[in-house]
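Engineer: These are the residues of each chain, in order.
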Amino acid sequence: MISVIGLGNVFLGDDGFGPLVIESFRCAYSCLPSVEVLDLGTPGLDLAPYLYDKHLVIVVDTVHSDTDIGTLSMFCEEDFMTHKAKLRITGHDPGLWDSIAHLRLAGHAPSELIVLGINPESCEFADRISQRISSTAARAAGMIAQTLIEHGVACTARDPATVPDLWWLRIGHVKQAAAA
Amino acid sequence: MARITIDPVTRIEGHLRVDVEVDGGVVNKAWASCTMWRGLETILRGRDAREGWVFAQRFCGVCTTVHAVASVRAVEDALSLEIPPNAQYIRNLILIGHALHDNIVHFYHLSSLDFIDILQIPKADPRKAASIAEGYSSWTGNSWQELAAVQTKVKGLVASGQLGIFSHGYWGHPAMKLSPEVNLILFSHYLQALEFQRKSCQVVAILGGKTPHIQNLAVGGVMNAINLNSLATLNMDRLGMLQSILEDLIPFVQQVFLADTCLLAAYYPEYLHLGRGVDNYLAVPDLPTDAAATKFDLPGGVIMNGDLASVRSITSWKDAEFRKAVAEDNTRAWYQGGKFPPYQGQQTPDYTDFNPDAKYTWVKAPRYNGSPMQAGPLSTVLVGYASGHAKTRKWTDTAFDRIAAVNGLKVTPNDLQSTMGRYLGRAIRSSILSDLALEQLQALTTNILNGDDTTYNAPTFPAGEVMGMGMHEAPRGSLSHWVVIEKGVFTNYQAVVPTTWNASPRDELGVPGPYETSLIGTPVVDPEKPLEVLRTVHSFDPCMACSCHTLDATGKEIAAVKVQ
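In the order they appear, the protein sequences are chains A and B.
Just so we're aligned, residue 1 is where the first sequence starts under my numbering, counting upward by one.
Just so we're aligned, residue 181 is where the second sequence starts under my numbering, counting upward by one.
Derived from the structure by calculation, the hints contain no laboratory data.
Quick caveat, the model's predicted, so the values are computed rather than measured.
Treat each hint with caution, since some may be false.
[What the hints assert, rightly or not] Just some of the chain A residues that point at chain B, by a computed CB distance under 7 angstroms: (1) P33; (2) G41; (3) P43; (4) A48; (5) Y52; (6) L56; (7) A101; (8) H102; (9) L105; (10) F125; (11) A126.
[Unchecked claim] With a straight-line cut-off of 27 angstroms between C-alpha atoms, the simulated DSSO-like cross-links for lysine-lysine are: (12) A:K54 with B:K571; (13) B:K390 with B:K333; (14) B:K357 with B:K709; (15) B:K357 with B:K390; (16) B:K308 with B:K379; (17) A:K54 with B:K390; (18) B:K333 with A:K54; (19) B:K709 with B:K335; (20) B:K390 with B:K498; (21) B:K379 with B:K498; (22) A:K54 with B:K308; (23) B:K574 with B:K475.
From the three backbone atoms N, C-alpha and C, an ideal C-beta is built for every residue, glycine too.
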């Protein structure tokens, strides 16, 4: 079993990147039922059930880094673990690392974890995602598909693609994001 | 005199800062501050009342279902719209699934490590631990082999010197009192709880379509299609699946979770006399069993000044006194001043930085006829016990018997008004909810087998203004959503949430809220490690929801305890 998970708060500007990419991926690609594609919002420790005993988990989230705003990066678990002591305590902890560490101790952690992150412009209260971030959604969806295929997981482009339901964004902005 | 600032308080959902003044080793003043603004009410204004619940469940990333249900109940109340019995049962089962999940996670993963010392576990004798565990619970997951396996994992963790997520615990603190064996038993349940957390999520997902953020609600009922002959709808297969998940989950609640809190109470009896705080209790009735919501499986009521005999029952969601009594005071919160009943509620920000003598938090001060109230499972249990609710009596008395069986400690209902009482209250309420889950599922099945497959009554919105209030007794306590609707659109929306009741700041008269009051008198042995303060704060299951979830690849600040 495989999970593709979007994390983030859709009302906090670029923090809604995870949910945006998940919806873009769902509409542009199709996978077998063994791949769960989920927008989980900001679940805290409630993330653990969705990671439980999975072969592969791909998490899409905003990741602050020293790169340019809008840069997409792929991380593996060790990239974060080596900096674990310095990981920032966010307003939503306990989150991903606590969930993983609990599951590892209990013997039910995912075999492989990949984080697809973007360096955000602003995670402030807003009903829009900044242009530099939303314009990468289609590319991020493509990177998820590529990663799945590299892992031997079937994933094919939908033809035609369906229209994303970005219910939380302003109408004008929805068109903009969908076109991007 | 020392001033201790804990910012943020970790192992909670969201962001909370607690400041205490310690004099002579005891807390004499406390301030609770929520450091995030919640703006969802502003988003809801101008929205179609039929879709409000989709937005309202984003009040929080964790307790999503509770806000969704309170929202549809508020709109239904404004329209005097009844919902079909099937819809009541389905909502009730979702709410129970969510509550069990929340309470299990709170006890084991968010608070038990305030009492368990991980570094003691390597010293335990697993065979002795297994025999202790058999003595207090009939649970089958306590074999010595199982306990030895957990001990090996912990030994590995300790030997590696990398405690990871456990590195911030106050290990070796003089207020830690469990034997190595009891530490091992409780920590093995901490790990097993991950599996049962998952099962309770499945209950919510099967009925709600997904979790978090269920998809099956509607103003007027639920959108679950019921057809016993269809593979794609709610059918006997799904009902059977729910039954079997519940049968796996319930023994963990009643034989492990409840037993473990009783064990803690027996070993930490001083916490039955600490942390009483505000002794006014509020619980609202929930789990309606008929279309018009006139009968409830869980009682509501109000207790003032800790006097259980004075309980006033709330028997209806229409309760006139409740609607009149609730107001929110902005005097000490970062909003423009004043005290408003929820229908007229305002949240215009007026941020001043943390000023303990003036404004210091984003949480308003809710008051009930002018008084602060404590909300939470303990309130439900005290109200149920005081008003003679049979299942509350049964499980509370069971808890008292279990505590007495450990070391002869006699506990009375009055002792529950304490930090440990809040832990016990949560486990007692979960045990009650477990019994009720099976009853609700039976009622749903029977109703369907009797030929009723309706789940929805369509709403009609009048042109003029209507007001409504939706209640839910959530895992953290009484929740109410208050809505004003005109032509089918919200013109005002206010949520008075459990953590607002409990994390309330001082009000216009300077009267502090439950967190703040409960900390007065708490001993603090080591100001650098204020474990005793955390135990009482965590006993409320704090949730300062609605936050930004981001990761940092380079590493920035970590949690801090500052002593001045």
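Engineer: It remains to establish, for every hint, whether it holds in the given structure.
Structural biologist: Hint check:
no. : hint               : result
1   : P33                : 14 angstroms, violated
2   : G41                : 5 angstroms, holds
3   : P43                : 5 angstroms, holds
4   : A48                : 6 angstroms, holds
5   : Y52                : 6 angstroms, holds
6   : L56                : 18 angstroms, violated
7   : A101               : 4 angstroms, holds
8   : H102               : 6 angstroms, holds
9   : L105               : 6 angstroms, holds
10  : F125               : 5 angstroms, holds
11  : A126               : 10 angstroms, violated
12  : A:K54 with B:K571  : 39 angstroms, violated
13  : B:K390 with B:K333 : 33 angstroms, violated
14  : B:K357 with B:K709 : 16 angstroms, holds
15  : B:K357 with B:K390 : 41 angstroms, violated
16  : B:K308 with B:K379 : 30 angstroms, violated
17  : A:K54 with B:K390  : 18 angstroms, holds
18  : B:K333 with A:K54  : 21 angstroms, holds
19  : B:K709 with B:K335 : 24 angstroms, holds
20  : B:K390 with B:K498 : 31 angstroms, violated
21  : B:K379 with B:K498 : 35 angstroms, violated
22  : A:K54 with B:K308  : 35 angstroms, violated
23  : B:K574 with B:K475 : 20 angstroms, holds
Of the numbered hints listed earlier, those contradicted by the structure are 1, 6, 11, 12, 13, 15, 16, 20, 21, 22.
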